[in-house]
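Generate the whole structure from the sequences, applying the supplied hints.
This note's numbering puts the first residue of the sequence shown at 214, with every later residue one more than the last.
Quick caveat, the hints were computed from the structure, so don't treat them as lab data.
Wrong hints could be hidden among the right ones.
Dumping the calculated SDA-like pairs for lysine to any residue here, alpha-carbon to alpha-carbon at most 25 Å [what the hints assert, rightly or not]:
{"no.": "1", "residue 1": "K288", "residue 2": "M278"}
{"no.": "2", "residue 1": "K318", "residue 2": "L292"}
{"no.": "3", "residue 1": "K323", "residue 2": "M312"}
{"no.": "4", "residue 1": "K276", "residue 2": "I250"}
{"no.": "5", "residue 1": "K323", "residue 2": "E297"}
Beta-carbon label-pair distances, calculated as ranges [what the hints assert, rightly or not]:
{"no.": "6", "residue 1": "S246", "residue 2": "E302", "range": "32 to 42 Å"}
{"no.": "7", "residue 1": "Q332", "residue 2": "T299", "range": "18 to 28 Å"}
{"no.": "8", "residue 1": "Q332", "residue 2": "E297", "range": "13 to 23 Å"}
{"no.": "9", "residue 1": "G317", "residue 2": "G248", "range": "39 to 49 Å"}
{"no.": "10", "residue 1": "L294", "residue 2": "T255", "range": "34 to 44 Å"}
{"no.": "11", "residue 1": "V252", "residue 2": "K311", "range": "31 to 41 Å"}
{"no.": "12", "residue 1": "T236", "residue 2": "Q332", "range": "41 to 51 Å"}
Ideal placement from N, C-alpha and C gives every residue a C-beta, glycine not left out.
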Amino acid sequence: MKIFKFVSILLLSSFAFVAEARTPIPSTPTFKSSGHILVDYTTGHVISESNADKALEPASLTKIMTAFVAFNEIKQGNLQLDDETTVSEKAWRTGGSKMFIEVGKQVKIKDLLFGLIIQSGNDAAVA
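So, in structure tokens, the structure goes:
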């Protein structure tokens, strides 16, 4: 019986040490960017930031949102991949990266999404 008590106390005390073990916190990552912010999802604690309050150009983040909105409209049945739209002069004149669509041309939504996502076409986003 004494051996059972001794083993039980030994096991229980070893669990206490395991419970106290903490996961090591990695060092703050470095980024080659104009700005960033890294936040712990659970606690909201800012882990790392650089120029987090500075207004920066959103770049292709707007294209991601455009694709999201388009796919959401498709999911809701308001838009079909085979639907066509006419390319406006505004879309054609849009600067930056392009999929090179022509003014007045009928283009399927599917092709615009390919141009938006693969080619990163600003003209596809505006069309």
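Report task. Quickly compare the C-alpha distance for K318 and L292 to 25 Å and report which way the hint goes. Result -> Given pair K318, L292 holds - Cα atoms ~19 Å apart, limit 25 Å.
Query raised in the report: Okay, V252 versus K311 on CB: inside 31 to 41 Å?
Result: Between V252 and K311, where Cβ atoms are some 35 Å apart, the hint holds.
Query raised in the report: If you check the beta carbons of Q332 and T299, does the distance land in 18 to 28 Å?
Result: Check passed, 19 Å falls within 18 to 28 Å.
Query raised in the report: Is K276 close enough to I250, meaning Cα to Cα at most 25 Å?
Result: holds (21 Å)
Query raised in the report: Should the hint that Q332 and E297 are 13 to 23 Å apart at their CB atoms be regarded as holding?
Result: holds (18 Å)
Query raised in the report: Would you say the C-beta atoms of T236 and Q332 sit inside 41 to 51 Å of each other?
Result: Cβ of T236 to Cβ of Q332: about 43 Å, so the range 41 to 51 Å holds.
Query raised in the report: Honestly, do L294 and T255 meet the 34 to 44 Å range at C-beta?
Result: holds (38 Å)
Query raised in the report: Between S246 and E302, is the Cβ distance one that fits in 32 to 42 Å?
Result: For E302 against S246, whose Cβ atoms are near 35 Å apart, the range 32 to 42 Å holds.
Query - Distance restraint between K323 and E297, which requires alpha-carbon spacing of 25 Å or less - result: holds (9 Å)
Report task. Please test the hint of 39 to 49 Å on the beta carbon pair from G317 and G248. Result -> holds (40 Å)
Report task. Take a quick look at whether K323 and M312 sit within 25 Å of each other, Cα to Cα. Result -> holds (13 Å)
Query raised in the report: Taking only the CA atoms, is the gap from K288 to M278 under or equal to 25 Å?
Result: holds (15 Å)
Comparing the model with each numbered hint stated earlier shows that all of them hold.
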